[in-house]
Each structure stands twice: as C-alpha cells, then as structure tokens.
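S.K.: Listed below, chain by chain, are the residues.
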Amino acid sequence: MSKQKPIIRLEGLEKRFPNPEGGGDTQIFGDVWFDIHEGEFVCLIGHSGCGKTTLLNILAGLDRPSDGVLLVGDQEVTGPSLDRAVIFQSHALMPWMTTLGNIDFAVASRWPSMTRVQRAAHCQSFINLVHLTGSENKKPSQLSGGMKQRVGIARALAIEPRIMLMDEPFSALDALTRGALQEELLSIVAERQQTSFMITHDIDEAILLADRIVLMTNGPEARVCEIVENTLPKTRKRADMHTHPNYYPMRNHLIEFLVNRSKNFKAEIASAGYDPRRPPIARPAASGPAPIPEKVAS
Amino acid sequence: MSPTLQEKIKAVALSLALLIVFVLAWHLYVQAQQGPAVEMDEELAALLGPQAKGESALPSPWDVGSEIWGHLSDPFYDAGPNDKGIGIQLAYSIARVLTGFGLAALVAIPLGFLIGMSSIAQRALDPFIQLLKPVSPLAWMPLALYTIKDSETSSIFVIFICSIWPMLINTSFGVASVRREWLNVARTLEVPPLRTALRVILPAAAPTILTGMRISIGIAWLVIVAAEMLVGGTGIGYFVWNEWNNLSITGVVSAIFFIGVVGMLLDFALARASSLVAYED
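Chains D and Y supply the protein sequences, listed in that same order.
Following this note's numbering, the numbering of the first sequence begins with 1 at its first residue and continues without gaps.
Following this note's numbering, the numbering of the second sequence begins with 1001 at its first residue and continues without gaps.
Rather than coming from a laboratory, the hints here were simulated on the basis of the structure.
Note that CB positions come from ideal geometry on N, CA and C, so glycine has one too.
Keep in mind that a hint or two might mislead.
[As the list claims (entries may be wrong)] Which residues of chain Y face chain D? A partial, calculated answer using Cβ under 10 Å:
#, residue
1, Asp1083
2, Glu1181
3, Glu1190
[As the list claims (entries may be wrong)] Have a look at the derived ranges for each label pair, beta carbon to beta carbon:
#, chain 1, residue 1, chain 2, residue 2, range
4, Y, Leu1098, D, Asp25, 50 to 58 Å
5, D, Asp25, Y, Ala1197, 30 to 38 Å
6, D, Arg162, Y, Ala1197, 27 to 35 Å
7, D, Gln142, Y, Ser1136, 45 to 53 Å
8, D, Glu38, Y, Leu1194, 33 to 41 Å
9, Y, Ile1120, D, Ser141, 32 to 40 Å
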C-alpha cells in the first residue's frame, strides 16, 4: 500500500482489566502492532470479546492502553482529539438537539470562532452530503435508524478530522439500509480521501470498504493474526463485487479466519515464526497470490 | 397516546356527573343533620355556632359556594391583621413557597450536579442526605424560630429544607445517569467542562431534575399550610386557623378549595415546564 509515513501507528498496545474474582489481571489483547496510512480505509474484524471496542476507544483517546504506545503523526495520544472523529455504534446523537443542532454542536467545538452564519452553511453542506436535506430541523426521534446514523456520519465528517473512527456503525441497521449506507460511505470516503478505521464483524462490509483488513483473534489475549490486503479493485461496488474472481477467495479467507483460525491461533503461532510487530500479510486472489491488488483485472 | 375528542367528552361528562353526585350527597347529608333549635341564651348560641340553631355543623354546598364567590369577588381587601382577602393570604403563602423553593433549587441543583458527577461526593454526602431527608419539615420549626427568630424567615426556611431533598436526589440521579456515549461525544469533540455541563449534562438530566422540582413544590405547598398555622400572622395556613378559631367551617371548607386550586396550578406550571425540556429518545 501507501509508502508514505503512516498517520497512526499502534506500537505494542495492550489492555488488561482487573480480574473480577481477584488474582491478577486479564489481558484482553496484547502486542497489537499495525499502521494506518493517509487516505487509507482499514477495517478490523474479530469476534465479540476480542476487545475491538476497547481498541477503538483507545484510538479515540477515550480509554488508555495498559501498555504500548499509540502515535498519531509523531505525537503520543493522551486523550481525545478533534483530529479523530468517532462514529459510535449507537449513533450517540443528543436527542434534544435537531439534526442541524447535533452537527452544529460538533462544528462549534471544532471552530469556536466561526460565526453562526458560517457554521450554518458548513453544517448544511454536510447535511446535503449525507442526503438529509429537508431533515435539518428534525429531532433524532423523528428519524429512522439509517437517517440517525447519517447524522452521525455528517457530524464526524463536518469537523474535517484527520481520521474517522467507526465502531460497527451499521450493525444496528437492517440489511437494506446498511447496504445503502455502506455504498454512500464508500463514495464519500473515496472522494474526500478520508483516512478511516472501522471495527466490524461483517465480512462483506469489510471487503467492500476496506483497503486492508486487520484480523484479530479471540480474546482474552487476542492478537493481530494477519493483515489482509483487499485484492478487489478500488472501483468495487456492492452490486457487482461478488462477480469479481477475487471476491470468493477474499470472502473464504475471512470466513476461514472467523470460523477456525481465530480460535486456534495460539497453535498457529507456535508452529510458524510469528512476529507480532510484523503480522503476516495475506492477499487472497483467484489464482495464486496476487502480487498487488491494483494489477488485478476488474 | 392522546385521547380522541370523543374520549375527552366522555371524561368531562363523567367528571361533571361525579361532581353532581358529590354535591347532592353533601346537600342531603347537611339536610339530614338539621334538628330542632334548642332554647338558649343568644350569646351562648353565637359561641356554639350553627348547631345551637338546629342547623348542621357542616355548611351546605350553597353556603360554601356563596362564601367562595364572596372571596372571589373581593380577593384583595385588607381590613386589619385578622381580616384580609383570600387573594392577599394566598399571595403571602405563594411568595413564601416560591422563595423557599427557589433558594432550595439554587442549592440543590448545583450540589446535585456535584454529587452526580463525583462518586466520592456521592458517598460522602449520602449519609447526611439519608439522615436529614426523612425528618418532617415541621420538626425544624422550633429550631428555626429559636435561631432565626423571625417567623417569616422561619417559615421560608422550613419550605427550603423540605424542598431541597427531592431536587437534590433527582438532580444527582439525573446527572449520574447521563448516557456515557453522550459524554464520550463531548470528550471526542474536546468540549470544555462547563460547556459539556450546560449543553450535554443539563439538557440530558433536565427531565429528571424537573420531576424532582415538581415533587418539591408539591411538598412545599403541603408544608406551608401547616407552617403558617404554627407561625401565624399571614398566609393561607393562618387563614384556615383563623377561620377555625372563628368557628367558620364555611371559611375552612372554602380555604381547602383554594389551597387545592393553587396546589393544582403550581403542579400544572411545573408539568408544563417539564414538557418543555422533555425529549424523546
């Protein structure tokens, strides 16, 4: 992928929680090393309980790692920042604010010196971007689940963050709405070259959106098992993605991981030379390993 | 679900029917109580009240109705310390309740914020709150009169002390149960603490706080009548006590009616206020 300097680097992140019955801490995950580059879309897949949300909270600065360092640019993350916008799983809109109010709250926090008129224009452009024109003055309770999450996306994009962090943003939506939103998110992110990191457990979502997919094994003591580079062309669409020859190799590789390898990873480490700092990279493709994804015919 | 027009009409009709039945039963009871007049000295008869004249001790609905009408037609007359219009008496009571209640809100809401946001403050203050909350407000009265000396201020103090607990408990509960995710949104947006308190925590907790205020004003209005009976001078509580001393049961019954109406209006005002801050999640 990109050869430039990564904007986010996870260096040996570890999270431990005190054992409820006492007797030492339980490690949720450890030795997590990977990078996120400018303009890249990275997904992290894993079963529930592997600490995905905890990892995202650490990236957001809402939680601190027990060990290891998280760098954004060259700065160690010590708390939340407007550089990193978060789209929460449960949309997390303020129910007493309108669509516009929710986005404006974020914009006013980002640029306190902006005038009301400037803010209104700025918010409106993002409301239009997520196709919510006409719903500016509706409260979240008047919006459908998909529309609420669109507001969440607009709120995150409106502060023009360096990186957008998403915690299973579409998992509460029905399949049709989810598909439509994934497609829209993909085009918005591609157009704006928005660096993004998303937690998911939906394989198709990961194949559609991600340039690289980080596979996390089951917790406790979860590890990054492997990083899968998406061998489908960047122009992939939800509608025709499954017709591409590399789709099933990708999909099967990810399913194989979720079903079998995520459980038996400890044995896999023991047998091969596993270096947590450089997790193995996989490029599942139709015939043999694809050299680089861009060269695969679409 | 808001009721349909037809349901509303039915409810109003039922209310009116209940009122008519109640007034009728009252009227029949008063009639049944009437007996022959006893021969006695005129002054003694005046002291003994209507029973001496063979009338019922309980005034008839019509007596009470005309008394209420009399109060309503001239609510603000002032003919000396023992004879003031019901409007003036109610105004005194309402002013005391609002002063005590307002002061309690000024203390309870910020303190409730503190307790709700800090589990240490919550643990530290909980024993005090649990100990003081169940004390009848009137139990504070002698202490208030002894230390403050002024009867007016004492009754305001009693209102203050009884209004503070529901507001304090509800504010701290409302603040403590603000959703973590809303606070996380504010944190990721680097919103300064004061702005988070005003724009996120306050509106999130407002419905719970308003419920506490509504409970408080109800209690305050209950307590003011008793406090004014003890303290005397002015107010609707004193008015009831004065009417009782005059053996004017009609006056007492009409005062009960006015107390009920004002209490209802106070509750209604806070219900409106809470519907303004309510949000649907």
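S.K.: All hints are to be evaluated individually against the structure, with a verdict given for each.
M.R.: Hint check results:
no.	hint	result
1	Asp1083	50 Å, violated
2	Glu1181	4 Å, holds
3	Glu1190	5 Å, holds
4	Y:Leu1098 - D:Asp25: 50 to 58 Å	55 Å, holds
5	D:Asp25 - Y:Ala1197: 30 to 38 Å	34 Å, holds
6	D:Arg162 - Y:Ala1197: 27 to 35 Å	28 Å, holds
7	D:Gln142 - Y:Ser1136: 45 to 53 Å	46 Å, holds
8	D:Glu38 - Y:Leu1194: 33 to 41 Å	35 Å, holds
9	Y:Ile1120 - D:Ser141: 32 to 40 Å	35 Å, holds
The earlier numbered hint that this structure contradicts is number 1, and it is the only one.
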